[in-house]
Every structure is written in structure tokens, then in C-alpha cells.
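Novice: Each chain, written out:
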Amino acid sequence: MIARLWFQTDPAVEVAGADQNFYLYLLVAAVVVGVAVINRRIAAARHRDPATWYWLGVIFPVVSLILLLALPALAVDEGHLRRISRRQMVGIAFGLIGIVLVFVLAPNLITETRSFAFEKPVAGAQLQVGFNPSVLVLVIGIVYWIVAGLSFLPDRHDRVSMVAQIIAAMLAVPLIVGIGLALSANSVNTNVMNLFDESLVLATPIALGAMTGLWSERVGIINIGIEGMMLAGAGVGFTTYAVLGQSRSVGWLWFSILIAVLSGAALAMLLAFISIRYNVNQIVGGVVINILAIGLTGFLRSQVIVTSGYSKGVATAEIAIPGLSKIPIVGETFFTGRPIHFLMYVVVFLTWLVMFRTAWGLRVRSAGENPHAAETLGIDVVKLRYQSVLVGGLIAGLAGAWFSMESQSGFEDNMTNAAGFIALAAMIFGKWTPWGAFGGAMLFGFARALGTRLQFLDVEIGGFGIPSEFFQAVPFIVTLVVVAGALGRAIPPAAEGQPYTPAK
Amino acid sequence: MTERERGTGGRLGRALGGLRRSLVEGFKLQPVLVPLYAILLSFVVGGILIAIVGANPFKAYYWLVQGMLGGWERVASSIARSVPYIGSALALAFAFRAGLFNIGAEGQLLVGGIVAAWAGTWSWMLEVPGVVAIPVILIAGAAGGALWGFIPGLLRATTGAHEVISTIMLNWIGLFMVRWLVNSRDPIILRDAAASVPRTRPITPTGILPEIYDSQPTLHWGLFVMLAVCVLVAYVLKRTNFGFETITVGLNPHAAHYAGMSVNKIIILSMTLSGAFAGLAAAGEVSGMGATQPYQPGHFITMGFDGIAIALLARGNPIGIIPASLLWGALLVGAPLMQQQAGVSIDIVRIIQSMVLLFVAADAIVRFIFRVRSDEGGAFQMSEEVTL
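Each protein sequence line maps, in turn, to chains Z and Y.
Okay, so the first sequence: first residue is -7 according to this note's numbering, each after it adds one.
Okay, so the second sequence: first residue is 319 according to this note's numbering, each after it adds one.
Isolated chain Y (complex conformation) (with noise of 0.2 Å):
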């Protein structure tokens, strides 16, 4: 806080930023400053739009909260909720690092699910234990998603097609392809038969993950293979060669190149892990739920694109996927309730999602409303090399 910034808002202003000082300076809050309170201003936007329709937002947000921690059951909800999203967004997150922006996550998902759950009824996989038939399941899922992922990544390095494109076409091939798979009855390919929704069949009962807490959706064991995984790009972002190069050739690939790196070799590389991360998340689901739910298309319908809100709230940084995820979660857990108690659309969330992205991207209107001064430039980064 400058002398003059102090000085605008009187004995109270003085008292709040103290107070904000202190609280910054206690908590080491000052590097997820903009994201907290780009997600105060979407919840300010959002009850405006929710006292224009006529609904009163302190009631609307009483419920969304209750929703979402209102009790163990809620809690373990909204934990269970954002696990997916973990995986979509460090998917977007880990290409973001390398220059590219990797829309394709939903398509990702959608075949590492299907691969995943294939792989799960594989006749041999009834007669393994689980500490087999469960890698081999979230292997298969982020083989699947690592596939997808890899498409957009060649076509990028050797044609020049840009992933944004490439990935939104492989969305809608990958969905139509899923479709096809599970709703395919002449001939049967992956549809459950006996079932009267399209659906696969069930997986084996050794590849379900274990369960964590009985709610709904089912907390398993998937939270800590996504957590696991998290850490480890962390690590290898930070700590190892390739992540090096990988974050060289998406601050300046010129410069990586004349460095001596292969920018090819990084941006199919780069892409084919975001994919395996998305379909991890992916078989993840399949396996965890197994036991409930076996894979429908529909699961994973918009969770591509959340993930981006979500990379970009965590500013690219695999550890802060972490707690955005959980806030994605929670808001999705919570906002039935909040229709069924205050009468507001679920959609607010989806508005208040769009508004978390736009303040967070353009950070400069949140340092100006809320007078933050600029840190580093943010870990989320992009070349400006980009074109269409």
C-alpha cells in the first residue's frame, strides 16, 4: 500500500487496509490476490444478476454455500465433484505452459473414458487382482485420452494447424465416435445390452478404486491418483529438463529453438500429456464409480471446458488446480440447492464461472478495482506467438 493510495479512503479505509496488510502479509496471500478477488467480484456480478431477475442474492448465496459444505456428506460431495476437473484442467494447465491451449480437454475425457472402460471389461481383467486390473484400467484411460491429445499435437508441429481448432474439431469427432460406440446396437460394440440406456457394461469388480466416503457422487480413491499427479508436474515443470523446455518453448520457441531445443518434439509431446492427464481423469471416474455408474457419454459434457476457467484461475499452476478445482466442485454440488431453495437457475454458476475466467485473464481490471499492484506478470504466461 503506497502513501496515496492510504490516503483516498479516510480512518476506515485506513483501519481496512491495515487490516488487508496484515492479512496479505500473515498469509502470504499476495501471489492469489487477483484470483480471490476476481472470484469476489464474479459473485458480486452474479448477485446483481440475480436481484435483476428478483431473487435475493444473500438467500441464493445462503444456499449455494449450504450446498456445498452444509454438512460431511456435502463436503465429500463437493470433493468427489471436483475430482475430474483436477485432471481437465492440468491438462489445459500443462499445455498452457508450453505455448499451446489445449481446448481439446472434453474430447480427452471423453475417449480416455471410453478406453478406459473397455479396457475394464476385458475378459482376462476378471481374473486379475486389483492392484492389476486397476493401473491397467487408468493406464488404458490415459493411453486413450494421450492419443487424442497427441492428434492436435502433430498436426500443430508439422502442418501449422493451430490446436485451438484442431482440438474443437476432435471434441466432436470424439464425441460422435463415443456415441457411436455405446449407442450402436447392430452391431453391439461396447453398449451394455442388457441395460435400457446406452451405456457400456459394468467394469470388472476388481478395477473399481476403493471408496473413500459413500456420497453422491461416490469420494474414491481417484482424489489421490489426481493429487499424486499434480504434485509430480509440479515437480517436473520445476525441477527437471523437459519441464525447462517445455515452459522455454511456451515463453519464446524462437529462443528455444536457437537454444538448441526441438519446439516440435515438445509442443506433440506437450499435447500428448495433456491429453493422458485428461484421460486419467477420465478412467479415474470410470473406475471409481464403477460400482454405481458405469460410462456414459454424458458424464463428461462440459468438463473440458471448465477445466480451462479452472487452469486459468490457478494461473497455470499445478498445486493451485488444486483448490480452484475444489471451488468448481463445490459451486456444482451446491447449486441445486440453491434452485431448489432461493428459485435461481443453476446457470448463475455458469455466469459467475465465465466472470472468475474474464476477471482473472484481464487481470489489470481487478488490480484497478481492488488496487493490487502488479506481482511478477502471473505464472500464466502464453507466447505471443500465437496465430491462427
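Bound conformation, chain Z alone (with noise of 0.2 Å):
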């Protein structure tokens, strides 16, 4: 009964539960081993006696393991064993990061006092707000612990499941922040709104490139040639504004701008004619764009730019929204930035306004969920592909800009850094939809500045200085994880992949 209650019911789940448990065991093992490792550390690092908070660092989650896992065993219906839903291992994932914090994190945390700062209020004066880490932490947890269980309610109260868990994420970053801060070595605040401001910006050429990757997936057209045609935005946009601006120039650098969105197009075409006129395996051609552009920019590089002896110059301004701008607080962080980072929110904002809600937009989501359908209804296929390919070129050639005429103003080799990649990943993790890949760009955009913000906190466990190397790493760890399905299986556009031919 009890288990009736806790677990969903759903005879129409295939009972595949034997070997994903096996997984979950070991990730718990896995886990429990972890906690009572650092658990022991640190309270040697702090000198209190290590045996009592190893052995709580275990119980407690072993104990609380063991209640929930059993449950579902004792919940034998019709010779089955339930599965644990998506949504309740959510659940158990907050409640198990929830005893962390409460039992192993907070008791050992400084108490004393640390800020989040933000912008200034009025000139020369910054507004802070002080926290004692372990109540944070504690507080936190505690939370986590409610949210663990509110994942646990009947199938009809999901919504409030996701709110509850949608809540916990965002936690996610104060937490993350506070303990930051509370095992930084040299600073005791730090600017919350700088860090919204850095991770908004580096999430640009992100959420471009996820829109780029939206544009063609969902015609059906695979593309992994998002980076290439980014780095040959960035390339041939930046040896035009050497060339013909000295790198100086407005005027020359809105048009180098331009030429950046034409090369990303002139790629994406590239692209879409091997894969649609030549059938061409959609992920060889990717990469044959990603290596195209990698030489090409090279030899630009090396043969042009510096030739030309303006390989760094001026990048665009910053502007501020009259108005907006002013906003206390939230004003500077917000409204104020670079014109391609503004470009960005509307190219995000068409996409969506596009793709869903224009008669062209349907015919491009039908072309890449069920081609042939799409042509019976007298839809030229073909030609919508090739539109659409072209469309996403275009933004990853203004994200190409980006890189070398916004966030600064030079060209280096492969300087676009796996964004096109992380890009994708930002668009699977979105699910294919336009503001879920755009979230997925600022989580991105979130993990690096928060990976450069805790290296430039010096973080440090136990006297044991995390290395820079690991933050560089975040992001692309994130990845990772976000495509190895922590966010539930995403379903691709059915017809992605696969060549088309007419029927004629």
C-alpha cells in the first residue's frame, strides 16, 4: 500500500528494471564510497575526530538508500518489479545530495561570514548581502530533502513534482557559489550579477549555434559542421575587417560582420549540397566542414592576416538600451552589452517565432519529422531543406562574428573551442525547441563563467587546491552528462539522417 503510494503504476512500462538497477547500485556504491572518503578528509583536515563523521558519512546515506530502494521491491504487482520513474530519481538524486550537504558539507563549513555582492545601487558603494555558509548549506539541503519528497507524490500532482524540482536546480547555483566561496582562499565576496553578466555573454555564440543546429535538424538535416562554419565566420570575417578596415573601421566592421554570416552560409551550403544532392553520410559531412574550415582559417591566418600586420584591432562597441539600462541592479547586467550578444535574443526570438508559428516554419518542422508525407502534400522537400540549412549558416556565421569581431577583436586558430559542439549538446538538451535549447546555452554559458570564477577564487578542499584544469573542464564534463541522458531521453525529428529522394 505504501509502495502503491510512493511508486507509479504502469503496466505498460516494459520491466527492463534488472539491469538499470544494476547501474543505479553501482552509482550508489559509487556514491557512498565518495561521501565517506571526503567525509573523512575533511574532518581530519579540521581536526575533529574522523571515525564518528566517517562512519555518520556512511550511515546515514546507506540507511536512507536502503529505505528507498527497498520499497519498490516489497511493491511486487502481477509478478513484476516497478520501475523507479524518471521524475523519482530526480527525487533521489536531490534527497541523496540533500544528506551530503545537511551531514557531510555543513557541519564541516566555515561559519563565518561571506557575501554575494552585486551592482551598485549608487556610485561607489556596492549592495551586499552576507550568509553564513553552513546555514546555507543546511538550509539547502533541507530543502532538497522536501523536494525528494514531493517527487515522491502520485502521477497527478507531476506538475507540482517539477516545479518543486525545477526549484531545486536554481539552488543549484547559490549553493554552488556560497560553497565556493566558503572554501575560497583569498576573497570572502563575490559579484552575483557579474557572474549572471559573464555567463549571459559567453552563452551568445552558444545559443546562436544551438539555433543553427535547430535550423537543420529540424529539416533533418544532421549537423555537426556547426563549429566549421563558426570558425570560418569568425576566419574569413576577421581577414575582410583586417584587410579592408585595418581592423579599425566601424563601417568596415559591420561589413566584415556580414561577410562573417555570408562564409557560415557559404559553408552550411556546402553542407546541404553533399548531403542532399550527393547523399553524402550527414556526419562525414560535417566533419569534412569542420576540417575544411580549420585549414582554410589557418591559411587565412597565417597568409593573410598577419601579412596584413592588423591582426588585432577594434571590436564592437559596447551599447546600453536607453531606458533599461538604468534599472537598479538588474539595469547594467541586462541591458547593457555588445550588439552581436542583443542580436542574439532576437535571433532566438525568430527562430521560435518562425518555426512555430509561421505556415513555412510547419512545412520545415514537416519536411524533417516525415519527408514523404511532406511531399504529398505538395511540399518541395528539397528546396525547404536547402532554405533551411542556409538559415542556420547564416547564424553560425553571425556566432562566427562573434568570436573574432565581438568578445574580442583577432583571429586565432580553432579559436571557436568546441562551442559548435557544446552548441549541439545545448540543443539536445533542449529538446529540439528553441528556448529549451537557449536555456540549455545559458547553463552552458553559466558552467564556464562559474568555472572561471571559482578558479579565480583559488578553491581549495582540505588544503588541496582544485586545479584550474578541472574548471576549464566543467563545461564540457556538463556536456557530457546533459547528453548521456540526465534529463530524460530527447526525441530527435524523426526523418534526421536520412537522404532523401524524391518520388517523382
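Careful: at least some of the hints might be erroneous.
Some chain Y residues judged to face chain Z by a derived CB distance under 7 Å, without partners named [unchecked claim]:
id, residue
1, Phe419
2, Val482
3, Phe494
4, Asn570
5, Arg668
6, Ile669
7, Ser672
8, Leu675
9, Leu676
10, Ala679
Everything labelled a hint here was simulated from the structure, so no lab data went into it.
The beta-carbon is built from N, C-alpha and C at its ideal position, and this holds for glycine as well.
Could you fit the two chains together into a complex? Lean on the hints.
Specialist: This is the structure:
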């Protein structure tokens, strides 16, 4: 009865639980061992009795886990074990994190005051919110327990669970920054609004790249050449800027951004051409685009940019949106910035508008889901695929311009640094929807900004500094975890990757 | 050559057509026609680019060839340079056959190399003879690479995470991990504290593969190791049950599943093996170069991506990888001389490389330009079940 209340009954779900549970147990064992070891280290470093803390760290997770995992085993229904749903799995995860926070982290953290800083409301002063890291961690840990409990509500209340889990996920931001501050060796406060600002800026190329991916994948063409299209935009655009505008004229800067956009589109057309006209495997096509872009831009850099003598110059100027930028605290963060960054919001909005609110967008989506059905309705699938991939290429070129003409003015070999692939992951994270992909891009932007920030804070655990390489790797680890399906299996457009030949 | 095609070119065309036909039939060139023409076409495109930037393409290519083959030492360098590419291309080619796109050869090389370099500095290794030390280092490297291939394989099989993205992420994670292991001063992990640049300690002298020719880079016995692995892979693919299952899964996972094969097992195994090949190549480098150059992460940069092009050029054929890698190594050895003598950036080699890849992948373009009749679809085929 209890089990019936706690675990959803879904006879339609296939009983594939056996192997999944195996991995679950493995994971749990790893977490328990990890917690125990870390706990012992910290306790030893802080001169407390290691044995007690060690056993506390082991016993609590083990007991709670046995309770949680034993429940479905009791709920034998028609001879089948019921599977734990993904919602409940996430709940268990939050519960575990909560346990670690309350019993392991909170007692060991410092109790001195640390503070979050915000943009100055008046010149010269900074708004600071002080907090006690230990208490903060304790409170968030308890909130996570509540969220874990709410995740086991019956199915009809799954909205409540979802909202609770989203709130819990958002609480991770103050949690991580707070812990980072508490462990920091050199700093007692950190500017939170700056962190958001950096996240948004770093998310710009990722969000644009995700839109590129969206435009081509929604129409049925896998695009792993986003990286190459961006790189081509960055390289060719900056070459134009260096040669024609000596890297400083504003007029030529905008002309070069246009060239960047067009060169992204040119590579997109190459991808569309070889994958539509010649039915080349689309992943191979994407790899071709990437390698071609590396060679082409490297060649341009050493043969043209360097010889022109203008390898560094002036980037796009910062603009402030009149009125809105004067709002205290948030104004400076959200409404001052550089033009391509603002264009990014426009592109995301237009992508949503065109793809989901126009007839043409509907046709694009239908070509990616079932091209043959679309064809019977009189849609020219081939033409549509060219058009849509082209739109994506234009956007990728803009993202490239961000690298070489907005975030800095200059071109370096391979300067896009896998942003195209992270964009692809952001798109998958957003389940092939514009706003979801935008959210994913924000997450990755935040992961990057946070990595830099924590590196800057010089975080130490038990006298052992966390290496900067770890923070550099954080966005890639996050991407890997996301792609591995931490957020539920995403369903790609049905006809994605399949060559299409008109019936005729 | 059909009558229609020959008719268009007049007498000269007919003569050339006849020459080509006798060449093709005499040397059994039909299966490799497309790659050969693709290379030719890529050099033409590269030449046009060189001419556009104002240099003489013939002069540039003359010095390129001089750099590749001018003298025994150059030839040895070219071969030595191509050895690790055999491994990285093999990692790609084997995964291709299972319908997987293993872009992670770079990470697998890096991790395999670091494990091999680490194994080479174990204290007991100093006391054992070469017959023990060398295999230990090679196996350690292969195991490191295998681990880095196993992760995306497992993710693909269990969660459906596409190996293209997960391997690229693992490339970067591997790079940062290796950099940390090699760079870290506090604590010192694998760094050679005595050296001014970040690198690992030199491996045990008994663990160094014998040298064949004292060129730059050294030509060592790693060549024969990689050649043997190529032959072994060709045998496994062609003659064993496992090879048959791998190819079946690559061509049609559904059919393989209904035939009673475990698709997931093949996916995980083939990714792991792919990683092992890359790791072995890296270990060969670490062990072969041990006398002059301890492990540095920078050594393996771009080798994984080059492997993609080589594997495609060889159309996934393990034996075909050998000449394709030789071409690659030779181009890279020749390029600096070209830059020095003809003033053309070495990046032109990258462009030629991507062009080769493009023309091999889009072989319809080559077939159209050179009127090559279509063979049975080529060795390189991937499943159409590729989704991201």
C-alpha cells in the first residue's frame, strides 16, 4: 500500500529494470564510498574526530538508500517489479545531495560570514548580502529533502514535483557559489550579477550555434559542422576586417560581420549540397566542414591576416539600451552589452516565431519528421532543406563574428574551442525547441562563467587546491552528462539523418 | 569505358582513355581509383589556392615532394611520422565498420600515451629486461586508450548518447586531465620536476623500442607493431565471427538484432577496441621516442582528426590505411620545407587534407569529373540509423 502510494504503477512500462538497477546500485555504491572518503578527509583536516564523521557519512546515506530502494521491491505487482520513474530518480538524487549537504558539508564548512555582492545601486557603493555558508548549505540541504519527498507524489500531482525540482535545480547556483566562496582561499565576497553577466555573454555563441543546429536538424539534416561554420565566419570575417578596415573602421567592421554571416552560410550550403545532392553521410559531411574550416582559416591567418599587419584591432562597441539600462541592479547586467549579444535574443525569438508560428516553419518541421508525407502535400522538401540549412548557416556565421569581432578583435587558430559541439548539446538538452535550447545555452554559459569564477576564487578543499584544468573541463563534463541523458531521453526529429530522394 | 564516354574526347582522349584503361586493368586499380583521383583533385584545388595567394604552385609542390622524399633521411622521417596515424586511423576505421563514428581518437591517444608514459616510470620496470618492459608499456597504453573508448561505447549502448558528441567531450576532458597530470607542480603527479617544460619523467631505458633509422622523428619498431595490428584487424574483420557481427551491426543494427546478435555488446566492444588501437599507437610513440622525447600532451594534438581523413581515404579498409597514413606523414614532413623554400603556409596541407576527405566522402563528384564507373558502393558504408 505504501509502495503503491510512493511508486507509480505503470503496467505499460516494460520490465527492463534488472540491468538499470544494476547501474543504479553501482552508482550508489560509488557515491557512498566517495562521500565517506571525502568526509574523512575534511574531518581530518579540521581536526575533528575522523571516525565518528566517517561513520555518519556512511550510515546515513546507506540507511536512507536501503529504505528508498527497498520500497519498490515490496511493491510486487502481478509478479513484476515496478520501475522507478525518472521523476522519482531525480528526486532520489536530490535527496542524496541533501543528505551529503546536511550531514557532510554543513558541519564542516566555516561559519564566518561571506557575502554575495550586487551591482552598485549608487556610485561607489556595493550592495552586499552577507550569509553564513554553513547555514546556507544546511537550509538548501533540507529544501532538497523536501523536494525529494515531493518527487514521490502520485502521478496526478507531477506538476508540483516538476516545479519543486526546477526550484531545486536553480538553488544549485547560490549553493555552488556559496560553497566556492566558503572554500575560497583569497576572497570573502563575489559579485553575483557579474557572474550572470558573464554567463549571458558566454552563452551568446552557444545559443546562436544551437539555433543553427535547430534549423538544420528540424528539417532533417544532422549538423555537426556548426563548429566549422562558426570558425569560417570568425576567420573569413576577421580577414575581411583586417584587409579592408585595418581592424579599426566601424563601417568595415559591420561589413565584415556580414561577410562572416555569409561565409557561415557558404559552408552550410556545402553541407546541404553534399548531403542532399550526393547523399553523403551527413556526419561525414559535418566532419568535412569542420576540417575544411580549420585548414581554410589557418591558411587565411598565416597568409593574409598576419601579413596584413592588423591582427589585433577594435571590437564592436558596448551599447546601453536607453531607459532599461538605468534600472538599479539588473539594468547594467541585462541591458548593457555588445550588439551581437543582443542580436542573439532576436535570433532566438525569430527562430521560435518563424518555426512555430508560420506556415513555412510548419513545413520545415514536417520535412524533418516525415518528408514523404510532406511531399504528398505538395511541399518541395529538397528546396526546403536547402533553405533551412542556409538559415542555420547564416546564424552560425553570426556566432563566428562574435568570436573574432565582439568577444575580442582578432583571430586565433581554432578559436571557437568546441563551442559548436556544446551548442549541439544545448540543442539536445532543449529537446529541439528554441527556448529549451536557449536555456541549455544559458546553462553551459553559466558552467563556463562559474568555472572561471571558481578558478579565480582559488578554491581549496582540505588544503588541496582544485586545479584550474578541472574548471576548464567543467563545461565538457556537463555536456557529457547532459548528452548521456541526465534529463530524460530526447526524441530527435524522425527523419533526421536520412537521405531523401523525391518520389518523381 | 563505354563507347559514349570515349567518343567525346577525340583522338587524344581516346588514347588517354586507352592508357588509363590499361593502367587500371594492369595494376588492378579499380577499387582505389576514387581515392587516387580525390588526392589528385585535392592537389589541384590546393594549387589554385596557392596561385591565388601569389605563389607558384609547381614550385611549392616541387619542394613539398622534395621535403617528403628527398633522400633516405626524409623518407625515414615520412614513414616515422605516419606511424601514429596508422593507429588513430585504425581506431576510426574499426568503429566505422561497427557503424560508429569515433571522433575520440585524439583523447584516446592522449590518455593511452599518458598511461604508457606512467607505466614506463614504474620503479620495478627499471629492473626488468626489454622483453617485459616494452609489452607492459604497450599494453598499458592500449588499456588507457581502451578506457577512453569504453566510456562513449557504454554511454551509446546504455543511454543512447551519440558517440560523436560524447567522444568530442571526452577529447577535451582527456586533454585537461592529461595537462593537469603533466603540468601540476603542487602536488607533483607525473611531471618531471627536473625539466623546465611540462613533461613526464623519461621512461625506463629498457622500455624503449629499438630504432630502425636515426631520422627526425626517429623511425622505430613501432612501425612493425602497427603494421601487424593492421593485418590482425583485417583478419578479424574478414575471417572471424566477431568481425562478421561487427560488420553486420554496422550495416544494419536491426537485422543484427533479429539475427540474435547483441548490438550493445558489439558497440561497446568495438569502441573499446578502437580506443585500444589509438592507445597502442600512442604507447608506441611514447616508447619509441623515449630516448629523445618524454611524453608531452602537445605531441598528439590533431592526430585524432587526421585519423578521420585517413580512415575515410582508406575507405575503412585496415590495409588501405597503411598507404593513406604514409601519404599523411609524408605531407606533414614535407610541408615545412615547402614553407621555407616557396613561402606557402603549411596550412595548405590542411586544406588539401579536407579536400581529400570531401572528395572521398562525396565520391559522386569524383566519379562525375573523372567518369569512374560505380563499383559496389565502396568499403565505407555506415548505417543509416545515425541519429544525434
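Novice: Which hint numbers doesn't this structure obey?
Specialist: Number 4 only.
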